[in-house]
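Could you build all of it, start to finish, from the sequences and the hints given here?
Count the sequence shown with the working numbering and you get residues 39 to 476, in order.
A couple of the hints might just be wrong.
Derived PhoX-like pairs (lysine-lysine); straight-line CA-CA distance at most 25 Å [to be verified]:
#: 1; residue 1: Lys178; residue 2: Lys167
#: 2; residue 1: Lys444; residue 2: Lys397
#: 3; residue 1: Lys168; residue 2: Lys155
Hints listed in this document are in silico derivations from the structure and should not be mistaken for laboratory results.
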Amino acid sequence: MRNLPQLPESLEVTEPKARDDMITQTRQYSLITPLFGGGVEPNKPDPVTVVRATAIRGHLRFWWRACRGGQFNGDLAKMKAYEDALWGAAAKEDSGGPSQVVVVVKDGKRGGGFKVKWSEKEKRSNTYKKVFSTEVGHHKSPYSYVAFPLNEDRGEVYEEVKFSLDISYPKTICVNNSEWDVESEIQAALWAWETFGGIGARTRRGSGALRLEQIDGQPHTDLPPANESQARDWLKRKLGELVVGQFHEDVPHVSLETRYRIVSQDKDGKALKEWEKLINKLKKFRQRRYTPEGEENDHGHSGWPEPNTIRRVFEKDSRGPFADRSIDKFPRAQFGLPIIFHMAHDRSIGDVTLQGKEKDRLASPLILKPLACQDNKALGLALILEGVNLPEPLVLKEKSREVSAKLTPDEAKRIVPLRDDPLNGETDVLQAFLNYLA
39 MRNLPQLPES LEVTEPKARD DMITQTRQYS LITPLFGGGV EPNKPDPVTV
89 VRATAIRGHL RFWWRACRGG QFNGDLAKMK AYEDALWGAA AKEDSGGPSQ
139 VVVVVKDGKR GGGFKVKWSE KEKRSNTYKK VFSTEVGHHK SPYSYVAFPL
189 NEDRGEVYEE VKFSLDISYP KTICVNNSEW DVESEIQAAL WAWETFGGIG
239 ARTRRGSGAL RLEQIDGQPH TDLPPANESQ ARDWLKRKLG ELVVGQFHED
289 VPHVSLETRY RIVSQDKDGK ALKEWEKLIN KLKKFRQRRY TPEGEENDHG
339 HSGWPEPNTI RRVFEKDSRG PFADRSIDKF PRAQFGLPII FHMAHDRSIG
389 DVTLQGKEKD RLASPLILKP LACQDNKALG LALILEGVNL PEPLVLKEKS
439 REVSAKLTPD EAKRIVPLRD DPLNGETDVL QAFLNYLA
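Listed below in structure tokens is the structure:
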């Protein structure tokens, strides 16, 4: 791991001169996808308030860093110092202090319990019936691929959630004897959170996605049209206006070079349909399976190299139509860590965990969500955060075996899900997924 620079021992932060220096906005939101969790406990809702102000401030802090952290040109210590001055830090003897940003959540409406539906075959009549269920993580649910953690936690999932946010902050703060205009900092953080983030759990997979409805009682109109080309132009313009500087390579961020796809998959532009289709695309890409004849089939063998690599590590025979393909790599690690491989057909192996050796977890750099558009419509957005780096080497926890995710071009051309890529063997699995969406 890289050694981070030492932070300054103290930072002089002067309180706002007077209360009339404070700016207050009331912003009204609705959620366009269901809320997973949102409470103190993972994947469980808060029993008191539907949306927690402390959680929102945490999101804003992250998205400020991702959008505005480049203004310090890679100086991590300086970025952290200004971040703490604005968003707060644990108080020490001569430094630290509360956030300059006050967040108050009001008028929270939890909505109703979110139900999913699927078709189930009746054994006696050999007909299909529709099933309506609150088990969003059920394997037959169209959202199961992102909601599977709910199977263990049994947390409630809510739809039609609404809330108002009062946010107050000084127009400027004095940092090390210099006035820092923070109004543009806050507005950039709000935009990035509203566009790329959300509330609750699993926001990088699209749950709790936001639509900003009003600012100070006036309708919010700065949303993209529900048209792929025009939405791309809108996003490019906003990134150019709000993202600044040169980021440190280890700071997750967005920029004008950020890779993304905006896709229209539902003719009516319904947010839930756009989200569902994005999820299914991700599931299909990550779990592409093939028959012994090499034809794609949901019940076949994985087209990815990881299962047979695990079998070889455990000194078992390779299986399936790609048994003779020796590529001992774990390319899907790029989607996030840890990954638990359920070796269902290899009971002597059981579950195998892939993680980083020094840092076991990696938040997925892939954001997958509906993008709120004009006229209450939405488009699908897939975006890869920059500055999210794999913690190489990786290890198979059960064997303490070091492994790698990095592919050579030749290896990528022999992996079927990547071989079919328009670029013919893309070594970057995340880029290959974006190509798959196009």
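Here is how each hint holds up against the structure:
no.: 1; hint: Lys178 <-> Lys167; verdict: 13 Å, holds
no.: 2; hint: Lys444 <-> Lys397; verdict: 17 Å, holds
no.: 3; hint: Lys168 <-> Lys155; verdict: 7 Å, holds
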